[in-house]
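K.L.:
Position chain B against the provided structure of chain A, taking the given hints into account.
Here is what each chain is made of, one letter per residue.
Protein chains: 2
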Amino acid sequence: MDNEQKIAAVNKYMDAFSGADMNLIREIYADDAVVEDPVGSEPYVGIEAIVGFYEVAFATGAKIALSGDVRCAGNAAAFPFKVLMEGVDISPIDVFEFNAEGKVQSMKAYWG
Amino acid sequence: MDNEQKIAAVNKYMDAFSGADMNLIREIYADDAVVEDPVGSEPYVGIEAIVGFYEVAFATGAKIALSGDVRCAGNAAAFPFKVLMEGVDISPIDVFEFNAEGKVQSMKAYWG
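Sequence order for the protein chains is A and B. Residues 1 to 112 in full-length UniProt numbering are what the first sequence spells out, letter by letter. Residues 1 to 112 in full-length UniProt numbering are what the second sequence spells out, letter by letter.
To be clear, the hints were calculated from the coordinates, so they are not data collected in a lab. This one's a predicted model, so the numbers in the text were calculated from it and none came from an experiment.
DSBU-like, lysine-lysine: derived pairs with alpha carbons at most 30 angstroms apart:
id	chain 1	residue 1	chain 2	residue 2
1	B	K63	B	K12
2	B	K82	A	K63
3	A	K12	B	K82
4	B	K63	B	K103
One chain only, chain A, in its complex shape (with noise of 0.2 angstroms):
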């Protein structure tokens, strides 16, 4: 997997989150994908404890938006971004380890 497709996949998220479009989160995800966000707290394991989370995220209606460069280094990709929702000042910086096959099989959340 090379960069240009990592940064798409970034891509790709920034629009599943913003369009609170499941199908596309799902298309991210590998089916045995692990969430962290934030970091320290339960991890969601699995895709369907993932669409649940992300159930409550898009209810909230926020968006986000990448605020820096994604950085690529080996199988993840570290980025910087912000949540766009009225009252809220969250600037996460969030890391995806990719699977042989292109999916997210880690995304871990820094923010707090």
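P.N.:
Frame of chain A, contents of chain B only:
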């Protein structure tokens, strides 16, 4: 370890690197820490291997400076910074994981 302590450790790291201060590097890292810089490369395991890594890095004369907020979550901190060296344009995101003693147990650098 609260967020202020994590941010202080990151700032100490900026000083250690920019001042080529190996004593400070030894103070920041756990004896059995692991450094993977960049992610996907062979990790440096243990403080002596890590010191060897920074000897090479310090010899370049590069300095580093934060380029955005330190994001704290759980036992970790993620932070974007710039490498300040002529002819070099590298802006990594590093992730520190801290142990119970407040030392950096794991460092992963995302750039490439």
